[in-house]
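Let the sequences and hints guide you as you build the complete structure.
Protein chains in written order, with this note's numbering: chain A, 1 to 386; chain B, 1 to 365.
Hints in this document: simulated from the structure, not taken from any laboratory.
Predicted model only: the values in this text are computed from it and were never measured.
Hints may contain errors.
Said to hold, decoys possible - Partial pick of chain A residues on the chain B-facing surface, computed with a CB cut under 10 Å: (1) Val87; (2) Glu95; (3) Glu99; (4) Met100; (5) Asp213; (6) Pro217; (7) Ala221; (8) His303; (9) Ile304.
To be verified - Covered by chain A, per the in silico footprint, the following chain B stretches (three or more residues, Cβ under 8 Å): (10) 22-33; (11) 264-278.
For each residue, glycine too, the CB sits at the ideal point set by N, CA and C.
Here's the letter readout for the chains.
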Amino acid sequence: MTEKLKLSRRQIVRGILATTAFGLTSKFGTGCSSQSGTGQTSEDEPLVVGFIYVGPKDDFGYNQSHAEGAAAVAELTGFKVIEQANVPETQAVQETMREMIEIDGAKVLFPTSFGYFDPHILEIAEEFPDVQFFHAGGLYEEGMPANVGSYFGYIDEAQYLAGIVAAHNTKTGKLGFVAAKPIPQVLRNINGYTLGAKSINPEITTQVVFTGDWAAPVKEAEAVNSMVNQGADVITCHVDSPKVVIETASKRGVFCTGYHTDQSALAPEAYLTGAEWDWKSIYTQYANWVKEGKSLMNGDIPHIVRGGLAENFWELSPYGPAVSEAAKADAEAIKEKFADASMVIYSGELKDNEGQVILSDGEAYEQQAIELETTDWLVDGVQGSV
Amino acid sequence: MFLTAIDRYSWRKSLEAICIPVGAVLVALIIFGVFCAVVGANPFGVYGSIYKAAFGGWSAWQRTFIQASPLMLSALCTVLPARLGLVIIGNEGALVMGGLGAIAVGLSLGESLPPLLVQIGMAMGGMLFGGIWIAIAGALRHYRAVNETISSLLLNYIAIAFLNHLVGGPMRDPSSLNKPSTFPIAEINRLGDIPGTRIHYGLLYGLIACIVAYILIQRTTFGFAARTAGGNVRAAQIAGLPVGKLTIIICFLAGSCAGLAGMVEVAAVHGVANESLNVGYGYGGILVAFVARHNPLASALVATLLGGILASGGILQRSHDLPDATVLVFQGLVFLMVLYSDSLYGRFAFFQERETLPSNLSPIE
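Here is the structure:
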């Protein structure tokens with residue numbers, strides 16, 4: 001057949017469209033994982049621990065912070081860590097949990113994304129009552145399966161310190177905060193950051209832009225640019241991967257503070273400090289508990305574990321070159337108070353940015369206060385609305 | 001080709017239609033094997049794992065079907081309009097709107113009616129919302145000559161923004177703290193699993209919809225009219241076919257399929273509507289539709305294949321220590337090969353007609 005290959009314009013357009021769809025589907029879930037457990041050769045069967053992430057393990061953000069914690073568990077003797085990344089919050093995560101339990105023999109699972117909790121973890125936990133499920137940020141309530149636990153840290157403490165450092169470095173008195181969604185944990189970080197900055201200079205304001213999505217790189221870059229155009233000169237964020245925010249801020253010649261993990265490599269000059277998760281200690285803690293034979297089911301492990309610096313839930317990125325000695329001294333002084341749990345961030349009189357009194361004189365929210373887990377207000381000094 | 005109204009029946013043509021895609025998948029497997037070898041994994045071990053994880057045993061099949069079922073319905077959203085010559089890629093938006101329609105009906109009916117009726121109501125709500133969504137793109141196309149591909153793509157963004165607005169505001173359940181969601185539908189109104197499996201009823205809906213769509217397009221006067229209009233709009237108009245009506249009806253049906261997929265996600269998987277409706281099933285459906293060359297029955301098969309690839313993702317990686325995006329590479333290779341194999345039709349002497357067969361008219365591709 002010598003007929004020449006002929007493609008009509010329509011065919012080409014179709015081809016291009018369908019090919020484009022690949023790009024779009026990259027979001028669409030496939031599980032990718034790699035084995036990072038050290039092959040145990042001891043006569044004891046290693047305890048299999050599974051970690052599940054919603055995004056890639058090297059996102060400079062939320063998922064990476066958990067993967068670093070998982071790596072710490074893999075270092076311990078007697079444990080085998082299995083991981084799967086890019087698992088969407090759909091039935092796919094239920095299947096992943098099932099595979100880890102049925103095929104890999106996992107006894108402990110850490111499905112880390114917020115949206116895995118209800119209904120996915122709750123359903124699978126009911127089906128496998130011998131396996132323990134620990135979830136970051138979920139709110140365990142009576143009546144939920146006994147083999148489910150939740151853990152989370154008061155990282156607004158670290159944001160408070162970042163706010164102190166930011167306040168020392170801003171010239172315009174305007175800080176910028178790129179936030180994903182107006183949910184309690186995000187609002188709490190915005191409030192902590194702003195209160196920290198205001199403790200240095202009460203005139204400072206924080207402008208907030210909600211992108212509406214945990215990962216929306218284009219919107220995040222736009223948000224940084226527009227806030228810098230309006231005069232903000234220190235930028236921070238609470239999104240899944242702060243990479244874009246940090247890089248954009250650095251390109252625009254303003255300072256930034258990080259979140260989730262250490263992003264100083266992305267902006268060596270502009271990076272001041274950052275609020276980093278320290279999942280290593282909590283994961284090691286859980287691993288040791290399980291090793292000792294403790295479990296959620298018989299009540300040896302609490303269903304709700306929360307903590308701040310005193311419990312090693314977070315750490316501060318090393319200070320960047322632009323941070324002055326005075327700023328370091330102020331931040332370190334407060335950090336010591338966090339370490340011995342004598343610092344209270346939310347104390348009266350405290351107003352939200354609509355003028356309503358949240359705490360009147362003399363009142364205070366300790367970090368453990370349940371009210372803070374349902375925060376739906378922004379503190380006075382924040383420009384933006386929930 | 002897929003737009004020809006009537007092809008003459010010939011086993012050679014049927015064989016071509018089977019051999020070329022199968023050959024394309026094999027070529028993709030070989031290239032993928034080279035990729036694996038370069039990365040340092042044994043290709044044959046990898047093939048074995050893919051097979052085992054996706055199709056080796058009942059549990060693996062269930063995993064595959066769970067992944068495949070939303071894709072079948074959402075693929076029809078592209079397949080049906082394609083027979084009219086329209087390239088609609090608004091599957092994601094229609095699915096999201098369908099989910100919203102379903103939750104709206106589910107919440108407003110509550111437990112006032114028997115569960116079966118509520119479920120039917122939710123399905124109707126989902127189909128109506130999804131259908132109207134794509135019908136808008138069809139109407140814009142017919143009456144205002146707005147490019148349907150672009151308009152349906154943009155409608156996706158509007159639908160997703162609308163979902164986020166409702167879920168984060170007017171319809172939000174205040175107790176959904178970390179993941180803003182609507183109030184849940186009553187437990188009794190949830191769609192269950194097919195007995196004896198962990199696959200929800202969405203799979204059945206998908207299979208039925210694919211078969212119905214096939215019959216509608218290939219075996220009815222309505223389908224014939226649609227295909228005629230797809231072949232040549234002017235000719236169809238001159239022949240007196242109501243092209244505008246056809247466009248809108250086909251678009252409505254297409255959207256209602258994706259809307260039904262949204263309803264299944266709400267009623268069977270999540271019990272609420274939230275951003276998990278928008279995880280790419282719509283875009284996956286576009287892939288399926290193109291690879292299936294807009295044949296509804298082939299869509300069901302291709303969706304199963306894609307479901308299998310997705311299902312094999314985790315276990316494959318865990319046992320071969322391959323980098324993160326390996327499964328995406330595999331998926332991309334398979335689909336690129338199948339799409340490019342499109343240009344091979346009619347190029348092999350073996351598959352060509354040897355002589356004119358007696359006119360045995362039958363509308364087979």
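May I ask you to test the interface hint for Glu99 of chain A with respect to chain B, counting a Cβ-Cβ separation under 10 Å as satisfied? 6 Å, holds
With a cut-off of 10 Å on the beta carbons, see whether Asp213 of chain A makes it to chain B. 8 Å, holds
How about Ala221 of chain A: closest beta carbon in chain B under 10 Å, or not? 18 Å, violated
Verify the interface restraint on His303 of chain A: the C-beta must sit less than 10 Å from at least one C-beta of chain B. Violated: closest Cβ of chain B sits about 16 Å from His303 of chain A, beyond 10 Å.
Using 10 Å as the Cβ threshold, decide whether Ile304 of chain A counts as touching chain B. 14 Å, violated
When the nearest CB of chain B is found for Glu95 of chain A, is that gap smaller than 10 Å? 5 Å, holds
If you count the residues of the stretch 22-33 of chain B with a beta-carbon closer than 8 Å to a beta-carbon of chain A, do you get 3 or more? violated (count 0)
Chain B contact restraint for Val87 of chain A - C-beta distance below 10 Å: 8 Å, holds
Establish whether the coverage given for the stretch 264-278 of chain B by chain A is satisfied; the threshold is a Cβ-Cβ distance below 8 Å, and no fewer than three residues must meet it. holds (count 7)
Closer than 10 Å between Cβ atoms is the bar; does Met100 of chain A clear it against chain B? Give me holds or violated. 8 Å, holds
Hint validation: Pro217 of chain A versus chain B, beta carbon distance must be below 10 Å. Holds or violated? 16 Å, violated
In summary, the structure is inconsistent with hints 6, 7, 8, 9, 10 from the numbered list given earlier, while agreeing with the others.
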